[in-house]
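Each chain, letter by letter, is given below.
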Amino acid sequence: MVSFPEVVMLSWEFPPRIIGGISSHVYNLSLQLARLGVGVHVVTCSFPGAPDREEIHGIKVYRTDPYAIPAPDFPSWVFLMNLGLQRLGAEILRRFPKERTIIHSHDWLTAKAAIGLKHLHRCPLLATIHSTEYGRQRGLLSSDENRMIHQTEYWLSFEAWRIICCSLYMTEEVRRLFGLPEDKLDVIPNGVNPEDFQESFDTRSFRERFAKPEEALILYVGRLVYEKGCHVLMEAIPRILHHMDAKFVFVGEGYMRESLESDARRRNLYEKVFFTGFLEGSILRRLYRVADVCVIPSLYEPFGITALEAMAAKCIVVASATGGLREIVEDGRTGIGVPPGDPEALAQGIIRALRDRKQNEMLRKNAFMKVLDRYDWGKIAKATLEVYRRILQERREIPW
Amino acid sequence: MMLRILLLTWEYPPRIVGEIAFAVRDLSEGLRKLGVETIVVTLADSSIGLGLEEDSEDSGKGKEKGKGKGSLQIIRVGNPVGNHIHILTWDMTLMTEFERVSGDVYYRYHGKIDLVDAHEWLCITAALNLQNSLGLPFVFSIHSTELQRSRGAREPLSQSIRSIEAMGLQEASGVIVRSQEKKTHLITEYGVPPEKIYVIDPFRAEEVLRIYSSIATRRMEKPGS
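Going line by line, the protein sequences match chains A and B. Be aware that the first sequence starts at 1, since it is given in the working numbering, and climbs by one per residue. Be aware that the second sequence starts at 1, since it is given in the working numbering, and climbs by one per residue.
Watch out, some of these pointers could steer you wrong.
Rough simulated footprint, nothing fancy, chain B against chain A, three-plus residues with beta-carbon under 8 Å [to be verified]:
| # | stretch |
| --- | --- |
| 1 | 71-82 |
| 2 | 89-97 |
| 3 | 112-124 |
Derived contacts from chain A toward chain B, CB cut-off under 7 Å, selection only [what the hints assert, rightly or not]:
| # | residue |
| --- | --- |
| 4 | Q86 |
| 5 | D144 |
| 6 | R147 |
| 7 | M148 |
| 8 | Q151 |
| 9 | T152 |
| 10 | W155 |
| 11 | E208 |
Everything labelled a hint here was simulated from the structure, so no lab data went into it. Heads up, the beta-carbon is just placed ideally off N, CA and C, and yes, glycines get one too.
Bound-form chain B, shown alone (with noise of 0.2 Å):
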């Protein structure tokens, strides 16, 4: 099964904050050499700007898509509102952008995505709004938690991070995450089911489309979807 997927993410080279950015990356490149249809949308970089990048790597494979090749489109966005207090209210607008731009990839595939993977809290509220009106999965994927990153701070920013965390953890049909440490921070602190928790170290494509095809034949499986 060929399978078409929605990559969230902050960070895609040519903008880079932290490693997410090469993760993600090796994972899209990955996935599109095995077949799958990977649609990135993420943040513009000042460099690049807004717009289009369809098979970043081989130009005209596109082409390929009739043999059943996989294809890499990269979509950048800006913030529609560009005055912000702090990351939660930028991330806040931001992710309606991307709401934006991949309903609009869901109606030209004619609702044919079979999965949505939101990478860090930063992309949890988009992938939980696709799901609530389109009906796609999502998977979580963590690279490190808010209560990892703040040292358990309970400043009211943190908390509010670490409940959209929360959130996003109980909705998700899947967790990815990259250590079994990770794996039992998450069933101690945010009581997270274990069956749900997938440890990926790197994020190997082949391993990460066994979790997609695994919730994508699930979501088909079940009556009414």
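Just chain A, with the same shape it has in the complex (with noise of 0.2 Å):
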């Protein structure tokens, strides 16, 4: 007969707590986990409104007080917060024969209680790394702050059985800075689910809720900071306007909103520019279906989910060749792909997308297909097992 693991999964955000991608890939995998047969505890912190214990669709899901501890700063808090999940993590560990248990942790932010943990109960550690410190401060590890992070996510990696990433551009990252061998890496993808943007709706009268219908709607989601490029598509904007009429919808916040909107209003196109802040799960998957192209500039991109949601809602994606989004977006096969950081490069591929109908029907096809192939949650869970397995083997095989 065979047994299936049980695994406690450290995540900072699960939902209905969202503050960055890992809550949405957390419970994707977990619920895709559960339905294989996997018992999946997800240990995370408390939200209002959310109960300490509850069980969503097989998924066991523990929570704890991130505040029972007051703390002076960001750092200290991730830590603090720490012992309330060790101590949840230990009470689960404590329930289960240790042969079949696996210790899986996301980013940095859990490592401090995945690694305890993995030592006072000698269950394996597997850890799953979205982003680096050193990617997100492109490099430069200024502060003391940034170099602590960098080292805890060094720590984790050494620490851990095996890491996944979900790129192989992160792959690589990961492995050159962290000096560690290939062969204890695996790449399994983000995902997404396309029957999330299926939904039957009044398109047109929707649409114009956000651009006229002479106007090409395109589209930018994301966090509005530097490492995403939005300041590159404000840039490109009087070049694309000079060929033809469109509305520019920026969905997101960040710390460049401020300058984006000054620039817009300086370059006289704020009646082109529409900034509409964080939009709801819903109203944003309407939006990737009504707009005719979507930009994704980053100048850094470990994975680049927002392209896989706009090829789930088949719409046209012009992406920077950079990172992750690389992977994605294979130029002229499914969707268009342009030079990081240059507005000119990125107005003629938005320009290319919006004049080339007949090619976009084969993008929108190709991409379509490549979401089902390659980002289905499903497969992803089914590979996230076989990893699973294999530690859970190697751990059987060697004394600790």
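Got two chains here, each in a separate frame; can you build the complex from them with the hints?
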């Protein structure tokens, strides 16, 4: 009889607590793993209105108060929050036999609890590294805080039995930064649920909330921060408007919003640019459906979940050929790739996407097929279960 | 009953920051003479480096273990994360390393560890995790409190440390202090029940051992322990 593993999944965010992309990743992965028969125990932070313990579609969720101990700053808060995670993790691990139990940590944010549990319970630790401090800071580890986070990531990667990264690009970055052997890393991509983008609604009236019928609707989704390249898109806008009428919708928040808005006013583009702020998931999914092009002008992108969402909604993607994006958006096959940080090339890419209707059909079809083939959560969970099984097998064969 | 004790301290000679180093050294050596197997987990000093030192005063005494004599091992570890923003983050990563080596000791002795003695707030989170994961009871030995050191300051860092102390005081099986005045301070400022606090000045091994034995016996008598 094949016994299924029990996994203690440590994540600082899990729905309804959503801060970045880890929440949705952990939810979808856990859901599919539970469907495969894995005992999934998600240990995470509490959220107003969410119970301390609940079971959601077979996922057992345990929440701890992340503010139980007051913290003077964010990094201290992270480490103190780990005390609560570790307490709950210990409670779960004491109930299951070691030979089929695994600890799965997501990013440095849960490293302390994961490493402590590993050594006290002698259960193997698997880490998914979604992004690195080095990458987020664009290679400048200039403060003690940056260096501390970087070294904590190194510590996690050293202590982990194996490491999962979501793209080949991230695998190489993590391997190089932390000096890891190649055979310690697995590439398992992030996923998307295409069925979430199939809702029927009045597309015409919805579109009119964002753009006039004669304007092409060009969508940007992401944090308004430097690494996402939103300023490159702003630079490209006048060059596009020189050739065609369009409306540029920026979805997201970030420290660059104010400077982007003043830039739009200075260029007299205010009527052509719309900053929506954060949008609820259901509205965003509709927006992908009515947009003519989704632009991802990132300078650094470990994976590129926005590209997958756009592709699942059958929206044409114009993206920087950088990081994990290069693996998703293949120029001329599943979208249009442009060199990062080049406003002229970006403008030309967008114009090309809007003009070549024949090519667009082919890009849409290929992109959607690629989503079904490679980025399905069911397949991702099966690949993750294989990694769990491999680790547990190796663990059985060696003394601790 | 011969006990095996894990003693957690952030300073132990030759690493000397304050007087805790001497107090813990005297205690650990006194315990060894009384037949206790004492394992000290502490931070490495650059002059000695990482590793294990066994029966520090009398080399070869390990052979006498079979005769029921005590022993003293000192395990020195480094901090797995080198850069920090202040003592709190520094302590948080160091304590996970304390947990790693304490876990190794626990499994080496097949779980036969009777008690953990954590000195100062700095070692409390490791003691708590050892208790939660491995069921080891712990004693909290307090030399001074954050409230005394900071003279009541309400800076956020100080408040964090006070909260860690309060958590340790609540979860410890016993608290050892060196003066009646400190006992009163813990009762009035931290709300610790008086019967949980033991006053021993200095930390004389005979008296400390009496407290260890009483807590270890209580644990053994507790159903399901």
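*asked:* Output the indices of the hints that this structure fails to meet, ascending.
replied: Result: hint 11 breaks, nothing else.
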